[in-house]
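Engineer: Sequence:
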Amino acid sequence: MNLIEGDYFGLEYQNHQKMIVWLDHIKPIYKQLRRPKHAILKFSVKFFPPDHAQLLEELTRYLFALQIKQDLCCGRLTCNESSAALMISHIIQSEIGDFEESQCRSHLLNNNYIPDQMPLIDKIMEFHSKHIGQTPAESDYQMLEVARKLDMYGIRLHPAKDRDRTKLSLAVAHTGVLVFQRHTRINAFNWSKIRKLSFKRKRFLIKLKPDLNSSYQDTLEFLMASRDCCKVFWKICVEHHAFFRLFEEPKPKPKPVLFTRGSYFRFSGRTQKQVIDYVKESEFKKIPFERKHSRVQHNSHLSPLPSPQHHQVPTESGDFNDRLSSPPRRHWKESVLVSAEDPAASRTARISPAHQRNDHDDGKDSTSRKEETRGSTRRTHQEHPSTGLVSNSPPLHASAGLPHGMVNGQRSLDLGSHSPNGRQPSPLTSPLLNDACSVRTDDEDEVRRKRFPTDRAYFMAKELLTTERTYLKDLEVVTVSFQSAVGQDEATPDSLKETLLSTFEPLHKFHTGFLREVEQRLALWEGRSNAHIKGDYQRIGDVMLKNLQALKPLTVNLSKQSEVLLKLEKACKASRRMDSLCRDFELQKVCYVPLNVFILRPLHRLIHYKQILESLCKHYPATHVDFRDCRAALAEVSEVVDQLQGNLVEMENLQKLLELKKDLIGVDNLVVPGREFIRLGCLSKLSGKGLQQRMFFLFNDVILYTTRGMTPTNQFRVHGQLPLRGLTIRESEDEWGVPYAFTLAGQGQSVVVAASSLTEMEKWMDDIKMAVQMAKTSNGPLSDLLTPSLADNKYPEDSSVEAESEDDMTASHTTLERPAPHRGNTMVHVCWHRNTSVSMVDFSIAVENQLSGNLLRKFKNSNGWQKLWVVFTNFSLFFYKSHQDDYPLASLPLLGYSVTIPSDNENIHKDYVFKLHFKSHVYYFRSESEYTFGRWMEVIRSATIPSSRGRALNSKEAHPL
8 MNLIEGDYFG
18 LEYQNHQKMI
28 VWLDHIKPIY
38 KQLRRPKHAI
48 LKFSVKFFPP
58 DHAQLLEELT
68 RYLFALQIKQ
78 DLCCGRLTCN
88 ESSAALMISH
98 IIQSEIGDFE
108 ESQCRSHLLN
118 NNYIPDQMPL
128 IDKIMEFHSK
138 HIGQTPAESD
148 YQMLEVARKL
158 DMYGIRLHPA
168 KDRDRTKLSL
178 AVAHTGVLVF
188 QRHTRINAFN
198 WSKIRKLSFK
208 RKRFLIKLKP
218 DLNSSYQDTL
228 EFLMASRDCC
238 KVFWKICVEH
248 HAFFRLFEEP
258 KPKPKPVLFT
268 RGSYFRFSGR
278 TQKQVIDYVK
288 ESEFKKIPFE
298 RKHSRVQHNS
308 HLSPLPSPQH
318 HQVPTESGDF
328 NDRLSSPPRR
338 HWKESVLVSA
348 EDPAASRTAR
358 ISPAHQRNDH
368 DDGKDSTSRK
378 EETRGSTRRT
388 HQEHPSTGLV
398 SNSPPLHASA
408 GLPHGMVNGQ
418 RSLDLGSHSP
428 NGRQPSPLTS
438 PLLNDACSVR
448 TDDEDEVRRK
458 RFPTDRAYFM
468 AKELLTTERT
478 YLKDLEVVTV
488 SFQSAVGQDE
498 ATPDSLKETL
508 LSTFEPLHKF
518 HTGFLREVEQ
528 RLALWEGRSN
538 AHIKGDYQRI
548 GDVMLKNLQA
558 LKPLTVNLSK
568 QSEVLLKLEK
578 ACKASRRMDS
588 LCRDFELQKV
598 CYVPLNVFIL
608 RPLHRLIHYK
618 QILESLCKHY
628 PATHVDFRDC
638 RAALAEVSEV
648 VDQLQGNLVE
658 MENLQKLLEL
668 KKDLIGVDNL
678 VVPGREFIRL
688 GCLSKLSGKG
698 LQQRMFFLFN
708 DVILYTTRGM
718 TPTNQFRVHG
728 QLPLRGLTIR
738 ESEDEWGVPY
748 AFTLAGQGQS
758 VVVAASSLTE
768 MEKWMDDIKM
778 AVQMAKTSNG
788 PLSDLLTPSL
798 ADNKYPEDSS
808 VEAESEDDMT
818 ASHTTLERPA
828 PHRGNTMVHV
838 CWHRNTSVSM
848 VDFSIAVENQ
858 LSGNLLRKFK
868 NSNGWQKLWV
878 VFTNFSLFFY
888 KSHQDDYPLA
898 SLPLLGYSVT
908 IPSDNENIHK
918 DYVFKLHFKS
928 HVYYFRSESE
938 YTFGRWMEVI
948 RSATIPSSRG
958 RALNSKEAHP
968 L
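Residue numbering for the sequence shown follows my numbering, beginning at 8 and increasing consecutively.
Now the in silico label distances, taken between C-beta atoms and shown as ranges: (1) A195 x D235: 23 to 31 Å; (2) K516 x I128: 48 to 56 Å; (3) D158 x L212: 19 to 27 Å; (4) A195 x A232: 18 to 26 Å; (5) Q780 x R948: 23 to 31 Å; (6) S764 x D158: 44 to 52 Å; (7) A232 x M125: 30 to 38 Å; (8) Q39 x C80: 26 to 34 Å; (9) K917 x L698: 40 to 48 Å; (10) K287 x G941: 30 to 38 Å; (11) E945 x R737: 34 to 42 Å; (12) D893 x Q652: 28 to 36 Å; (13) C80 x R208: 31 to 39 Å.
In silico DSS-like pairs for lysine-lysine, Cα to Cα no more than 27 Å straight-line: (14) K242 x K156; (15) K174 x K209; (16) K168 x K207; (17) K480 x K567.
None of these hints come from the bench; they were simulated from the model.
Don't be surprised by glycine CBs; every beta carbon is placed ideally from N, CA and C.
With the sequences and hints as input, model every part of the structure.
Structural biologist: Structure representation (structure tokens):
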């Protein structure tokens with residue numbers, strides 16, 4: 008099923024003794040199923056974690072929600088009426104969308120979610136009316152929030168008797184072994200108190216650790232129906248203990264040669280910690296998916312979903328955030344029923360997750376799996392031609408009640424025209440992952456290259472065209488998308504609406520006309536029009552001079568960017584509703600970078616114009632017909648840039664502080680006058696429990712250190728701060744025996760940290776020394792950053808990540824509240840996963856070195872090249888099908904990657920190819936000319952190799968603002 012967190016699930020079946028047992032995936036099936044022809048395997052949740060926030064994938068939470076829905080329906084999950092009504096209200100919110108009385112009542116009358124539902128209909132409808140705007144994913148989350156607090160959550164009862172022959176039931180959970188009388192829990196034995204679990208014939212034995220304060224005997228004995236019942240329950244206990252308590256899979260004990268005593272069963276598979284670490288390190292993008300019986304996103308005309316086509320999806324890790332395939336559709340049936348000998352049943356499995364999992368992720372041989380899938384997929388295509396929908400990479404919150412054919416508020420992509428054989432492609436194959444889609448042959452590429460001009464100035468003008476297209480789309484994010492999503496709401500102040508309108512509308516109108524002129528000039532330059540006059544149209548300086556002169560009156564609009572930023576921040580502070588609207592908007596597909604970055608785009612665009620004109624002036628001889636116009640245009644844009652120089656530096660710093668404020672929990676007043684951001688990144692903090700990963704934030708007056716809890720908001724909690732005044736720093740590798748370690752000693756406290764490399768250590772030490780020196784000579788802010796609640800109850804310095812996540816959970820929202828939405832793919836999270844750091848200078852270079860255009864992409868083990876529209880900005884590559892798309896299909900954060908030229912033994916026999924690689928992930932990109940190849944290499948290196956402060960300052964001096 009390609010579940011990334013598939014270790015929580017299993018297949019259960021009824022054995023020949025009529026007992027429900029789990030299929031052992033390392034034991035041959037024919038040894039477990041006595042009558043395979045009649046056996047039914049049921050896909051179910053096997054391990055229920057204590058908190059659904061530990062489930063990092065939306066698809067996993069969706070399947071858990073289906074399991075809870077099934078348990079409610081069959082009466083296995085018992086609870087009071089209020090809890091049942093609340094859970095059902097979340098279920099129908101995900102299925103039919105926002106509350107509408109007649110529709111809700113009709114739906115409840117036609118569908119039963121619990122055995123005795125009729126008396127609860129009014130209460131269910133009352134709860135449902137409070138979920139307006141809640142998406143199916145949020146409904147899953149909230150339903151699990153209610154379910155996890157119930158005594159019967161994830162409980163599977165096993166009948167037993169105590170020594171007095173009283174009828175009881177035993178169960179196992181993440182905490183240990185539980186004892187129930189009917190559906191009431193009467194006792195619990197924590198794993199930490201259990202010394203040994205065993206069974207002898209029909210007796211199940213729990214041996215406890217000695218405890219003077221306990222009234223229990225050393226060994227507790229329970230009588231079960233048979234030895235096999237004891238063994239089945241004992242195996243489940245062994246698996247639960249290993250999964251939840253161990254750090255890694257237990258190693259097998261060597262079997263004795265002559266005599267065997269007892270069972271040598273052991274847990275095989277990844278533990279919960281290994282699953283969480285795997286998902287976190289692989290950095291899988293959380294991709295929303297269509298739910299079939301949810302009317303919010305379902306298109307009833309789509310045909311049934313066939314099995315995943317593994318052979319069309321190259322093996323790669325989640326670092327490349329384009330694991331895009333058609334989302335699985337939500338079904339009425341909560342589990343997958345598969346006949347053991349019916350191959351057709353496996354091909355029409357009811358739930359097919361969108362996420363593609365690495366073939367090597369669980370250490371098993373994947374070759375046989377791939378070969379089987381190839382055969383079954385070919386048969387599936389003949390039987391089930393279906394339409395594919397491609398979902399966007401960022402996590403989205405869709406509005407309820409969208410029309411058919413809409414996914415998360417945006418148009419679905421029709422991929423039928425891209426199928427090479429005229430048939431529609433598999434819905435599980437992304438156009439970004441399928442080699443057959445958008446592939447251009449080498450002969451066609453050569454013909455195209457020969458037909459178009461080869462002059463270097465042409466490609467400079469083409470860079471102007473491609474980046475202008477991207478810039479205009481970015482303006483539309485503010486003028487169209489943001490205005491329609493937020494500007495129409497009553498919570499938006501009128502002053503903010505007027506400022507946005509008066510600032511961005513004239514700019515959008517101007518650049519629309521400018522782009523039209525540039526497109527016309529490039530068409531003439533390429534000879535794609537009826538004008539065949541050579542020379543007069545093979546230039547761009549006159550177009551730029553004319554429009555830059557027309558842009559000067561709009562300098563007032565450009566200087567208002569700071570006003571827009573400040574008014575937006577003020578509005579969010581004053582209104583919770585406004586803050587929620589902005590956060591929701593940042594989760595939409597069109598808002599692929601933080602909203603504040605879009606607001607500063609007009610200022611950055613001036614620098615792009617200046618860079619292009621400087622390149623043209625260097626390229627042209629003084630006698631060239633276009634030289635004079637280019638030089639005059641350069642003078643015009645330089646004048647405007649000089650006027651706005653100080654404004655941009657301040658705005659970039661303010662924008663960064665506002666962005667960091669959303670990433671941090673426990674900061675009361677991060678954005679104050681005089682505070683400057685310098686660097687953020689990962690360091691390992693030495694404590695009583697060893698080295699622990701922490702996220703450090705360096706400002707001109709203080710250092711904050713934080714960690715990320717496993718919460719739905721993905722934010723970082725502040726654990727401490729070090730004021731820079733009086734701070735000393737020294738290398739301490741020899742003192743502690745830890746590579747790249749250094750000590751930060753402040754007033755009354757000291758912290759020992761270690762960097763991941765010598766380069767990282769030098770960058771941190773240089774920036775901290777510079778910041779300490781600045782703090783001595785300046786009158787920067789001295790305010791306490793920690794909120795009073797955190798300052799009074801600071802975390803112990805050696806607290807583990809697991810303990811911290813529990814603290815995060817104690818502040819979780821109630822069942823009727825929605826968790827605050829938050830972007831989980833910001834640069835802070837990328838640095839956390841890639842264990843690196845970036846400075847404010849790096850951020851400035853990254854937003855100023857923007858580039859866009861068509862590239863051909865090839866995976867490491869694929870043959871064809873895919874044509875994609877690629878945008879570089881904010882340390883990332885964003886991938887589109889074409890420049891006309893409103894939002895990216897996938898993204899690739901570049902921090903930690905290296906960009907090189909392929910070697911001869913890689914068999915890339917093409918010109919202008921560069922290679923991106925990080926660990927085992929390799930991607931090849933091919934540009935159309937030597938100039939564009941050089942430009943892509945230049946801008947990508949600015950992101951993949953963050954400069955030292957001195958080098959970065961020198962690079963910025965080349966294009967001063």
